[in-house]
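> Spelled out, the chains give:
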Amino acid sequence: MPPKVGVIANPISGRDIRRVIAKANSLQIADRANIVVRLLAGLAACGVEDVVMMPERGGLAGHALRQMAQSAVRGNARFPSVSFIEMPVTGTAADSRIAAKAMSAMDVGAIIVLGGDGTHRAVAAECGATPIAGVSTGTNNAFPEIREPTITGYATGLVASGAVPKEIGLKPNKWLEVRIDGGPAEIALVDVALVSQQNLGARALWRTETFRELYVAFADPQLIGMSAIAGLIEPVGRDERHGLMLRLAPASVAPLVVQAPIAPGLVEPIGVEQWRRLPAGQPIAPDLAAGSIALDGERELTFHSRQNVSIRLVENAFDTIDVAAVMRFAATKGLLRERNKACV
Amino acid sequence: MTRKISFKTAINEALDLEMTRDPSVIMLGEDIVGGCGAPGEADAWGGVLGVTKGLYAKHGNRLLDTPLSESAYIGAAIGAAACGMRPVAELMFIDFVGVCFDQIFNQAAKFRYMFGGKARTPVVIRTMVGAGFRAAAQHSQMLTPLFTQLPGLKVICPSNAYDAKGLLIQAIRDDDPVIFCEHKNLYSAECDVPAESYTIPFGEANVVREGKDVTIVSYGLTVHRALDAATTLAQKDRIEADVIDLRTLSPIDWDTVLESVEKTGRLVVVDEANPRCSIATDVAAYVAQHAFGALKAAPQMVTAPHTPVPFSPSLEDLYIPTADAVVAAVGKTIARAKAA
Amino acid sequence: MNPNIVPIVMPKWGLSMSEGKLTGWLKPVGAGVVVGDEIIEVETDKIVNVVESSAAGTLRRIIGENGKVYPVKALIGVIAPDDVPEAEIDAFVADYATPASEDKSSDEAAPRYEFVDTAFGRLRYAKRGEGDNVILLIHGFGGDLDNWLFNIEALSAAGTVYALDLPGHGQSDKVVSEPSLNWLASAVVAFMDAVGVQAAHLVGHSMGGAISMRAALDQPARVKSLTLIGSAGLGSEINGDYIEGFVGAASRRELKPLLEQLFDDPALVNRQLVDDVLKYKRIDGVEEALRAVAGGLFRDGRQTSVLAGELKASGAPVLIVWGESDRIIPAAHASTLGAAAKTEVLPGAGHMVQMEKAGRVNELVLDHVSD
Amino acid sequence: MSNNPFPLSSEDLMRAYRTMRTIRDFEERLHVEFAKGDIPGFVHLYAGEEACATGIMMHLTDIDRIASTHRGHGHCIAKGVDVHEMMAEIYGKATGSCRGKGGSMHIADLSKGMMGANGILGAGAPLICGAALASRFRGDRGVGITFFGDGAANQGTVLESMNLAAAWNLPVIFVVENNGYAESTSVEYATAVDSYVDRASGFGMPGVTVDGMDFFAVHEAAGEMIARARDGGGPALLECNVARFFGHFEGDAQTYKAKGENDYNRENRDCLKIFRDRVCDAGAATRHDFALIDLEVASLIDAAVISAKNAALPQARELLTDVYVAY
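Chains as they are written, first to last, in numbering that gives the first Met the number 0: chain A, 0 to 343; chain B, 0 to 339; chain C, 0 to 370; chain D, 0 to 326.
Careful, some of the hints might be misleading.
Per the computed footprint, the stretches of chain A lying under chain D, defined by three or more beta-carbons under 8 Å from a beta-carbon of chain D, are [stated by the list, open to error]:
{"#": "1", "region": "16 to 24"}
{"#": "2", "region": "27 to 38"}
{"#": "3", "region": "57 to 64"}
{"#": "4", "region": "193 to 207"}
Worth flagging that the hints you see were computed from the coordinates, not collected in a lab.
Fair warning: this is a prediction, and the values are worked out from it, not measured in the lab.
The beta carbon of each residue, even a glycine, is placed where N, CA and C say it ideally should be.
With these hints in hand, go ahead and build the complete structure from the sequences.
Written out as structure tokens, the structure reads:
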């Protein structure tokens, strides 16, 4: 059976307040649709004939289909056939979760995620054992890597079809789990930040005086966002077995101040009181009594003093496709070459 | 003191005086400064025909060159007016009204009525009208009837530099939206104009020549054609014409027209607009209704034909009403009267 | 050439007049005329007026046609005694050459009006003639120097004639910082200083008469004589409705009937005269200035300053001229000074007597200033 | 009210709720009254979108100006226009905001900075650019907000205004109230690039999408944008994803909507419920506090309807007045 690949591109991503409070870019729908088309071309090149997409009403799929139809009219189309999951469209991040769950259930070989940290988080939470391949829709994010989507399509196709073995093509990822009063876990792929502001509002984080605690799964000094604070203090790799936890304070009163790029173009002095490694598997109870919890930079939960919050770093939480390894393997093994029999 | 200046200078002077007098007066328009953001000089043009030249040097950023985006900046002028400014927006050619008409007739014209008298919209839209500039069908129209038809707008079309200055100052001080039509072929015409600020009230026609035999009503450029005709009539036929320059089309000075027709019994209306639903039909109909008893002959209308403005000079010269056509129309009123 | 043959020509009324329209012959050919008879009616861009005969004799020729426009000094008709032969008249007409318009000669190429800066603002004036004998013409409320259209030229026979626009009037600055006779009189003296006139015969019309009186009382050395025409300052009555109406009038319709009150013959008020006054009135600051002056001098329909008593006591030489049908200031005021003044009340004239009866007024003034 | 974690005072929280409740009750009541046939013409109801108007208007004062849409009752109420006068206007009465001469689609109160509901889609955008320009010349730090729907977002006037505002760095916020339907036509059908935020990108101004049913999301995003514009930071676009609970106009059978869509939205996306639950859960107010406001608003709307019905019609002479300031 030819491999099937899922594509989740949620048009609502990348529209948050960071365009105003910082200089986050805004990748236009037409450009995102273009990314989808490039992905599809890469998938087709590796023999993927069926792609199932998340339905949406933001014009992304419509635009992509229009582009493919225009190419088909001109006879230069080579794309998989595209179908859509039957599900209600709410126009929120919930759509990404529902789609990921459905795709995982229909046994797709992989799910390509187009979006930022938020969309990746939604998909990772629901994809189970299905590997995901991330395509960043901008530089506003920490989790997905920046890469030409055609190549991501190639690599995903090679893994989904089994041409590249999973031991080579997949790599495991950590995540952070947050529970309130022992309820269901909410996850973060990069960072969990606790802020004293006890409301969700426009979700993003920029009022640095409210920053209190930060937990990161990895910390790369080349990335932006909350994890950049940790990255500038003590880098932690995606493959290292620990994370990092920091206690933050207003810069005016903290013993140490980091000039951190907490959002694109937004560099702020962040006060750090102390930090230490965060071991995997061990639930940690934060010191902050009440406030809100931002997952990968967006306020998602609030808690008050009568509630118990626990945070835990989890290893091998989900798999992602290691595009670099897949392509290197494919090239080495000659998977993408064939002899021209006419010239023999 | 009084000197001879051109219509164009009179407009410039009116704008300058009002901007000096009242800080809420601002100007918006395409190329009214000219060269904004370009590598050359600031105030490169001062308007496409140089009417606003020099004002930028005096009033700086109270003159705003706009994007070529009439709907946005005419609307912005109207919005600013509703918020207490006195903007003078330039719609380069009246023909461009098609792309911003909504803002003028659905917004500016209706605010006061629609909002129960609680709004005032003191905006002036200066715009070039008229044929004779070899500018063809989309830069030459006399669309005055279009605006005159709409309640809530005031429509002005001066025929000389003196009137232009006084009416423009009045327009800027007026609390209602004013469409101020400037005939581009009058720009170089000179006459005596006081250096001071002065105003001419709206709704007062100017009797530019007095006579007892026939009433010729016109406005804008064709006032001069009417005067030429009147001179010819007086010299050749000893027919003395009352020549009335309406000056303001909305409001309109019916009393002066009626008084004159009561005296002369004959009416010729000269209008550069197309003939249907025009100022000519309006005046003729009003006089027919209100001074029928005084009329000795059917009112005559001398207008442009019911065509777009042609390009070729030979055709365009046929388009604009001529003094000869006015003389002929007067002749008809006399002939009819004799026959009766 | 026979000195008894006298041409009737298109008059030059005022500095700006270059042509006029003959609107009517008031005498038929062959009629006998005496000096002062009205012979033709002429319309200029300012006003309609009649031309009076300057000679006695018979109207021998009618040359000008009704309704035609003629340049200034063009031959319109001929007056001569009956004994002058027809052939001589014909020769005179044939030889008559209209003098070139003065406007075009080199010394007249300069601006028609002049301006001078004073502490009372920039003031416009006209100047004609020459000589040490200076006559200064001062117009009335709401007027300007063109009110002397028919006088300036004629009076220059006696010397240098100045006519000014008072502050707030004509084309002078529209600022009247203190609406009083003292202030206005000071402005007149400042004007004399500015144009280098030590002393002058003051000829004042209406409010200008009161200003002249004030100046004569304040600075007797600067005023050689007074001519008061339809003058204010001689009694308290004044036509308050006219003053109020004039200040408020904004349209031709409102203004024309008011201006007609100024003349014995309302037909003299033509379109251009009304337009000129309107143009003045519409200038920023004029209404305020007029309102201020009216409030200061003519409050509630009464004159606030009556100077007759003071003037009588001063013994200054005074000529009083009035139009019999003056509807602005009653002609009865003409007799206020009694024997202390020469007084003449002219029939067939209203408040603008110097325009309506220009010939007689000019005669009277010339006589007065050459005493 | 010991615990208030929100960036609004307790008074402001209650004020916001009162505003949203007033809009909801006003519209729900019009829905009922319109069906009785007492209201002339047609009305476009704002119910469902209250958080959008209220979240934005909480940041404004009378020097800030808004240009509204045909669906303008909510904007009017949130901007402080008198509810009695509004109701009377909708009934065409002499006591109305516009003396009965404007009607539902033209309610305005310039003294409150409400530049009018507008029957012409997209027409408010250039007007508000002018309002912002006036504020800049006066130096009063006023901001202009123009509302338009996903339908009017396709009007040239709106796009031209975005260009003008961006080119002149005007303090203007373009608010797209995206309820998914341009009258009966879907966004997907009518809009080539379905994202309105992308329109902002095209003019180099930031664009943000928020859940327009979440008062706090609208409030915070709008607050940042308005403060930025006030300080001279330039224009921005705010897309509020909202649901309208009624049809395009009263009498619209809404057959273009999915089955159950209105019920789902009323159940799950009611901004009033979301607001009340969040505030109560945080302990910033009690259900009783809200119930008191509900009662107070209900009586206000009752009174407004009764007085509007009893008010006098405009006199015949009103037909001819106020065409001009000076005749």
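> Hints first: check each against the structure and report whether it holds.
Hints and how they fare:
Requiring three or more residues with a Cβ within less than 8 Å of a Cβ of chain D, the coverage given for the region 16 to 24 of chain A holds, as 4 such residues are present. Remark: the region 27 to 38 of chain A is confirmed as covered by chain D, as 3 of its residues place a Cβ nearer than 8 Å to a Cβ of that chain, reaching the required three. Evaluation of the coverage hint for the region 57 to 64 of chain A: fulfilled, as 5 residues show C-beta separations to chain D shorter than 8 Å, against a requirement of three. For the region 193 to 207 of chain A, the assignment as covered by chain D holds, since 7 residues bring a beta-carbon within under 8 Å of that chain's beta-carbons and 3 suffice.
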